[in-house]
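Protein sequence lines, in the order shown, are assigned to chains A and B. So for the first sequence, the working numbering puts the first residue at 1; every next one is plus one. So for the second sequence, the working numbering puts the first residue at 1; every next one is plus one.
Read the hints as simulated data drawn from the structure, not as lab findings. Among the hints, erroneous ones may be present.
Each pair may be met inside one copy or between any two copies, as identical chains are not told apart.
Straight-line Cα separation of at most 27 Å, BS3-like style, residue types lysine-lysine; simulated pairs [said to hold, decoys possible]:
#1 K365 / K99
#2 K184 / K158
#3 K184 / K116
#4 K145 / K158
#5 K29 / K158
So the chains spell out like this:
Number of protein chains: 2
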Amino acid sequence: MKKASIISIGNEVLSGQTVDTNKSYLCRKLFSIGIPVVSSYTVGDQIDFIVRVMNLAGSDADVVLLTGGLGPTDDDLTRQAFARFLGTELQLNDRLLQKIQDFFTSRDLQMPQSNKIQAYIPEGAGPLANNLGTAPGIMAQMAGKLLAALPGVPSEMKRMFEESVFPELKRLSTGQAVVVRKLKCFGTGESNIAELLGPNMQRDRNPLINCTVEYGVITLHIIATADDKDKARRMAQQDETLLTQILGELVYGTGEQTLAQVVGQKLAQQRKTIAVAESCTGGTLAKLLTDVPGASRYFTRGWVTYDNTAKTTELGVPDDLIQAYGAVSPQVADAMAKGAREKASADIAIAITGIAGPTGGSIEKPVGLVYISLTSDNQCESRRFIFSHGRDFIRFRAAQTALNILRLKL
Amino acid sequence: MKKASIISIGNEVLSGQTVDTNKSYLCRKLFSIGIPVVSSYTVGDQIDFIVRVMNLAGSDADVVLLTGGLGPTDDDLTRQAFARFLGTELQLNDRLLQKIQDFFTSRDLQMPQSNKIQAYIPEGAGPLANNLGTAPGIMAQMAGKLLAALPGVPSEMKRMFEESVFPELKRLSTGQAVVVRKLKCFGTGESNIAELLGPNMQRDRNPLINCTVEYGVITLHIIATADDKDKARRMAQQDETLLTQILGELVYGTGEQTLAQVVGQKLAQQRKTIAVAESCTGGTLAKLLTDVPGASRYFTRGWVTYDNTAKTTELGVPDDLIQAYGAVSPQVADAMAKGAREKASADIAIAITGIAGPTGGSIEKPVGLVYISLTSDNQCESRRFIFSHGRDFIRFRAAQTALNILRLKL
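Okay, chain A solo, but in the shape it has when bound (with noise of 0.2 Å):
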């Protein structure tokens, strides 16, 4: 079997100023295709330690993936540390130089003389292309290994990766047959999760079952390990119809689905349209929906009413309602769902108010406190959620959590 090393380069990672999140997405998708990482090692922008590693992620593996110290100032020298350890010279590649150059051209901007060391690359070395900025990456064979270097900054790497490294790693992995399938959960907890599921997740299970969080999306991976590709894969289609069985509608998705595309084709597919009225979340859940490309065919407008005036002027809601019950109430979370339904004349409308904190919370409505609502023809229902761990995360929350409000409701 097949093994891989990891470098990154750079001093920000060393002093702490950046998390390297580049390590966990390359060991991720390395361990997908049953080539796992086995070591990984960090250093500054230093030639003698970046060859130094480069040497003893070089004797624990037959893959060597760099990233990072691609730049254009003087603190990038992963490409003269390549160089060195390959026993090369950088040589000026006019192709990539045009190129860099075009990039600068097609912006109007003149290339900074900076720049141009990005053009030069180890003799005996190929380019890879960056279709996202002006790093283009260097990748080598040497003694029958594999090595990449790739930029640091994490949507150039991936994209970087995912074009031109990753089909050449797939054609070097054989034998064991690994295959990842992901379900996406909202609307409990980790523990919860992990008692519904029981035995399932068993350390020495095949498939085996892993649980990430993020904002309140719980992500079971399922890791399927077979002689074959097809056996994996069905190993794994068995699991996620299990789990997707235990769990019930706690799934929403699959794979990298987000709640905001899953709702958005149900939309779609259902051909109704969405208005949105927002007052603690500030814009996040338009900002979601309309994340997703295409969104125009089933959203047409939504409102930050973010003041008390606003909320009435823009979607009429009684002045005498706010002042009744508060503007974190469900009475005017209602009226502003039926304002902004009305409004954009749309199929449903969704309305949130509540408080983010950190200031603003008093004993009968603290913070976190937000009110939900959604209408749609005759109907109109509000539910009352307290959600905790800061101003972030609790509009992010409210937003997410009316997202799947109206995924269960269509």
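Position chain B against the provided structure of chain A, taking the given hints into account.
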């Protein structure tokens, strides 16, 4: 100057299931007392590998910190590796055993047999108290080096480090003080910043200037090293002034400040209110503004007018204007801004209309084309931008650019 090296241990880190946040935490803490981390290693739960990287780390540095692998299960092997590195055996420590038993007794639980292993410590090493869990740490001195093994659970690791290891390291630290200041910039690229700063970015300079980029925000890290804290602080302060002079209005803030925070402060100070009208950004700008606690002082309302009808009915954009110039035009951007300002009775309004993609572009109006219009008093000014790198980046960059225009206006 003393140096440090960090070792992370655990299969879950190498399989990418866990992002290693311990490392950046320890790096930051060590950095703050003038003990730079010069290398770091990540290995799986295998004794041989752990011992090997302990040797490497020991040759790199004076302080070696390990995290992970101290749990009670069979895959936790840091204890055994530590003993082998010291050339000694594990010994049962009766006081530790008692403490672990007490931990369970106090929770009305029976101690599982597997936890007994946590009472073993290598001969020649001492235990570090764990006040949050059962896994004690290990600390030893060998050949002038300080070695400490900490749990992998972040909360336990941090508490143990702060209580037992950090005070020890402060004594070791030979007085070299390091002060880090951050300058946040927006409105240009990394290479242009490097060109403007010129020799100030040289690698051997003190303070050292490092540069990182995220979503268009460039962070300059000013790292000053001196014999005492006051001197380092003065040096960093001087550089902050110098760099701000050179970069002028490209610098929008310091530390962890966001554009929305800086804009919010200015609005609050000048007692001005803002309204926003968004098309392609779909709520992103409103969300960024309301991410800031207390945004209600200056932000009262926003519109997400995603389709053309919404622009007309909500903001009074004349339908024939949209027919004549298209929704993505400076004319419509201006009309959106004016409509929003008037309806919200705000001092300032900002409008964004553009094509976020991936579809909907044409030769004259490509994906990424965005008009941003700002209106205040009787002025109204729109600017044209072409952003790239996909839907998410275009939307986020457009909203950030709107904030930057607002900042410069204020």
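(message) At most 27 Å between CA atoms: does that hold for K184 and K158 within a copy, between copies, both, or neither?
(response) Answer is both: 22 Å inside a copy and 25 Å across each meet the 27 Å cutoff.
(request) First find the shortest C-alpha distance between K184 and K116 inside one copy, then the shortest across copies, and answer within, between, both or neither for a cut-off of 27 Å. (result) Only across copies: K184 and K116 sit 25 Å apart there, 44 Å inside one copy, limit 27 Å.
(message) Cα distance capped at 27 Å. Does K365 pair with K99 within a copy, between copies, both, or neither?
(response) between (58 Å within a copy, 23 Å between copies)
(request) Go through the copies and call it for K145 and K158: within, between, both or neither, with a Cα cutoff of 27 Å. (result) So K145 and K158 pass the 27 Å test inside one copy only (21 Å; across, 38 Å).
(request) Check K29 against K158 for me: Cα-Cα at most 27 Å, and say if that holds within a copy, between copies, both or neither. (result) For K29 and K158, only the intra-copy Cα distance (10 Å) is at most 27 Å; the inter-copy one is 29 Å.
In the structure shown, no violation is registered for any of the earlier numbered hints.
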